[in-house]
Amino acid sequence: MDVLDLARWQFGITTVYHFLMVPLTIGLSLIVAGMQTAWVRTGDRKYLAMTKFWGKLLLINFAMGVVTGIVQEFQFGMAWSAYSRFVGDVFGAPLAMEGLVAFFVESTFLGLWIFGWDRLPKRVHLACVWAFSLATVASAYFILAANSWMQHPVGIEVRDGRPVLTSIGAVLGNSTVLAAFPHTVFGAFCVAATFLVGISAWHLWHRSDDEPVWRGSLRLGAWVGVVAFAGVAISGDLQGKLMFEQQPMKMAAAEALCRTEEPASFSVFAIGDVASPDCEDVKSITVPALLSFLAHNDFSSEVKGLDELVPLYQERYGANYPVDERLGELSGQPIDYVPLLPVTYWGFRLMIGFGAIATFAGVAALWLTRGGRLPRGRWFPIAALASIATPFLANSFGWIFTEMGRQPFVVVPNPSGVDGVWMYTAQAVSNSAPGEVLTSLIALTTVYGALAVVEGFLVRRYVRAGVPGVLPPEKPADQKHDTDEHDDEKPDAEKKSDVLAFAY
Amino acid sequence: MNLPLLWFCVIALLWLGYLFLEGFDFGVGMLLPVLGRDETERRVLINTIGPVWDGNEVWLIVAAGATFAAFPGWYASLFSATYLPLTLFLVALIGRGVAFEYRGKVDSARWRRVWDRIIVTGSWTAALCVGFVITATVLGLPLDAAGDRIGSPFASVTWETVLGALAVAGYALVHGAIFLALKTEGDVRYRARALALRAAPVALLPLVVLLLLVQLRSGEPWTWAATGVVLAAVAAALARLARGREGQAFSGMAVAVAATVLALFGALYPDVLPSTADPAHSLTVAGAASSSYTLTVMTWVAAFGTPAVLVYQGWTYWVFRKRIGVRHIPATHVPAASS
Chain A
62 MDVLDLARWQ
72 FGITTVYHFL
82 MVPLTIGLSL
92 IVAGMQTAWV
102 RTGDRKYLAM
112 TKFWGKLLLI
122 NFAMGVVTGI
132 VQEFQFGMAW
142 SAYSRFVGDV
152 FGAPLAMEGL
162 VAFFVESTFL
172 GLWIFGWDRL
182 PKRVHLACVW
192 AFSLATVASA
202 YFILAANSWM
212 QHPVGIEVRD
222 GRPVLTSIGA
232 VLGNSTVLAA
242 FPHTVFGAFC
252 VAATFLVGIS
262 AWHLWHRSDD
272 EPVWRGSLRL
282 GAWVGVVAFA
292 GVAISGDLQG
302 KLMFEQQPMK
312 MAAAEALCRT
322 EEPASFSVFA
332 IGDVASPDCE
342 DVKSITVPAL
352 LSFLAHNDFS
362 SEVKGLDELV
372 PLYQERYGAN
382 YPVDERLGEL
392 SGQPIDYVPL
402 LPVTYWGFRL
412 MIGFGAIATF
422 AGVAALWLTR
432 GGRLPRGRWF
442 PIAALASIAT
452 PFLANSFGWI
462 FTEMGRQPFV
472 VVPNPSGVDG
482 VWMYTAQAVS
492 NSAPGEVLTS
502 LIALTTVYGA
512 LAVVEGFLVR
522 RYVRAGVPGV
532 LPPEKPADQK
542 HDTDEHDDEK
552 PDAEKKSDVL
562 AFAY
Chain B
10 MNLPLLWFCV
20 IALLWLGYLF
30 LEGFDFGVGM
40 LLPVLGRDET
50 ERRVLINTIG
60 PVWDGNEVWL
70 IVAAGATFAA
80 FPGWYASLFS
90 ATYLPLTLFL
100 VALIGRGVAF
110 EYRGKVDSAR
120 WRRVWDRIIV
130 TGSWTAALCV
140 GFVITATVLG
150 LPLDAAGDRI
160 GSPFASVTWE
170 TVLGALAVAG
180 YALVHGAIFL
190 ALKTEGDVRY
200 RARALALRAA
210 PVALLPLVVL
220 LLLVQLRSGE
230 PWTWAATGVV
240 LAAVAAALAR
250 LARGREGQAF
260 SGMAVAVAAT
270 VLALFGALYP
280 DVLPSTADPA
290 HSLTVAGAAS
300 SSYTLTVMTW
310 VAAFGTPAVL
320 VYQGWTYWVF
330 RKRIGVRHIP
340 ATHVPAASS
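Residue numbers (my numbering), protein chains in the order written: chain A, 62 to 565; chain B, 10 to 348.
Here chain A stands alone, though its shape is the one from the complex (with noise of 0.2 Å):
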């Protein structure tokens, strides 16, 4: 392999990774957020118990999301120091505002959450979590606004073949960012909700203590997951038809659609080989119309197919790669402007697959509980188990869909073309030895899968653990109410002793 399959592997590896923290950080912060409100605001012992428990696994989640981000931000300059320096007047202000306005808020208030529970008082301690998990919301939109910049360059001119900012504005305020951003948000909660309705259900079925506890989890992620699933659903069928206009070609892939179609159908899977030149003749189960729907709300529109796409393409962005040494092999030889097609294809209908089988358990989990009840069948704790892998393999097949079909550029020209700005993927790596490229993605892929490893062992240990591995039974139940409000107005009283309440 060479540098730039060996740097595009390691993007992939590290940010798929990257990406499965990431999401349930975000969702289950605002959740933990909010439970801790209900405890503040009730002191019903039982909230604690909820912002205790699912604290400590977004903790356990959060390490890793925090020590995989630095690997993001520093491989760019390491693996594709090209792509850097063109894009680096634009690209890095949005970057540098990130660690700027959100990372600092995330980690010196995570810290302050963790340390402080003794330290702070109640409401200020509360304040500490709304300020570390509204800035990982932040932390999004801020690295959303980057990479759709990539995916749409807005806000800038050419000077000396390069991008300049020309409007901050603009980039932050890109239509493409504006339609990424509750896309991603929603598929976040869609994760946090599952894992709460997952975890809960299995312990409901062991008939764990602090039924309450589980039951209230298990209903708040429940109707958590119903709103997030339909935002995911709305918001992703409006960056669909945005993605019409502004990367036709990446849509085309997603459907694998070979020749124009007017009205153009809507392939539900196929069997055969998707890139071969008959692909249309794969697909099986195809729904009449709706793809031109799913395209332009109509459902007799024309969609555009690669058969018409890669001359338009070639025509515009140029026939061949130009004649450059660092292109390699590359250099001077045609662009193939089709993104892999089994990997679009497919990647679009595991994200929408693995959406809607959430989806489905989520509300299955509404329904089974309703009332008070509870399946006593072996099957329902495994299902409810299973369940929470099915939001972050949607997640995951999103963005590989969404970076492999943009392919082959890094930055995908913006298709008004009053911009003229773009960069091919091959043209934006690192004039790196394939060596070092090969050293640290052997090194970082050890290294996650051994932390993936540990990670699960964790998570696995506290969730079966439950309420009593996070809270300790130090009050007599009868009291608990009277002894929280009691603590409430003292925010000192625990310093009877000099122990601190939590310590690493």
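Treat the hints as calculated values from the structure; they're not laboratory data.
Hints may contain errors.
Cut-off 30 Å, straight-line C-alpha distance, at most; resulting in silico cross-link-like pairs (DSSO-like, lysine-lysine) [as the list claims (entries may be wrong)]:
| # | chain 1 | residue 1 | chain 2 | residue 2 |
| --- | --- | --- | --- | --- |
| 1 | B | K331 | A | K183 |
| 2 | A | K113 | B | K331 |
| 3 | A | K302 | A | K365 |
Remember, it's a predicted structure, so these values are computed and weren't measured experimentally.
Position chain B relative to chain A; hints supplied.
Structure of chain B alone, referenced to chain A:
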């Protein structure tokens, strides 16, 4: 002051924040097995930085992000030319970061021993790598006209960068020991103080040699003066520490690290990354800077963001200002192993 120069100063300031803050939490990690004689003492050490290490690390992330935004060429050339040291650095940061959070999550001596080793090696490695990379940017790398490294992946490994690695590791060791003397009580405190005094002459030697080397190569009168301030501040810090004035000693180290950054980045200016292959290929403050619009936007963000960061991070240190001793450490409460 023009915008590129302003941003050169901002990035120096971010490195200063990083070296000062994460410097001591590297030091705490490096000294874990030396000053923590039993499990409770090791927990005392870790908990001095528990609430703050993550916030400290963000200074690095912002330094890198600001370099990307304000000097894309500097970011691209430095990071790609020091690819392998940075890989090592990332792995070290990942390991120690996870270790702090996971170490206490299982009640098993073996589990803790593994994470302790990761904290110690991770802290040493990360400190060495920071020194390596900062020295590489100050003294330069063999770059061609495109800003790419000439030579093998190990071209950045020279006796100067190795010296720089030792300089920052040695500084972190002493700084961490002084921090621990300030933040702990009882036995640990006195051992940390004694260790700082005993280790300083050897541990700080590489830093002094590095500073003199940089000044001899490209020093200005005022960066020589800054170097003098480093020496005076360190001497004063150690003298105050010997008298048991840990707070003053820690402040002395703050002055020393600020003067160090001033001396190094002052000598680097007007370059941001000199080319040792051909001075014509050096990246300069003026040449590598982003457009003035980008820098103006970033200036506004930094003008509001930076004071806020200083206020709430300062508040965090105030909240957790108390010394920690063995008597503060709670019993471990974690889920028991289940079948």
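Worksheet item: Which numbered conditions among the earlier hints are violated in the structure presented, ordered from lowest to highest?
Response: none
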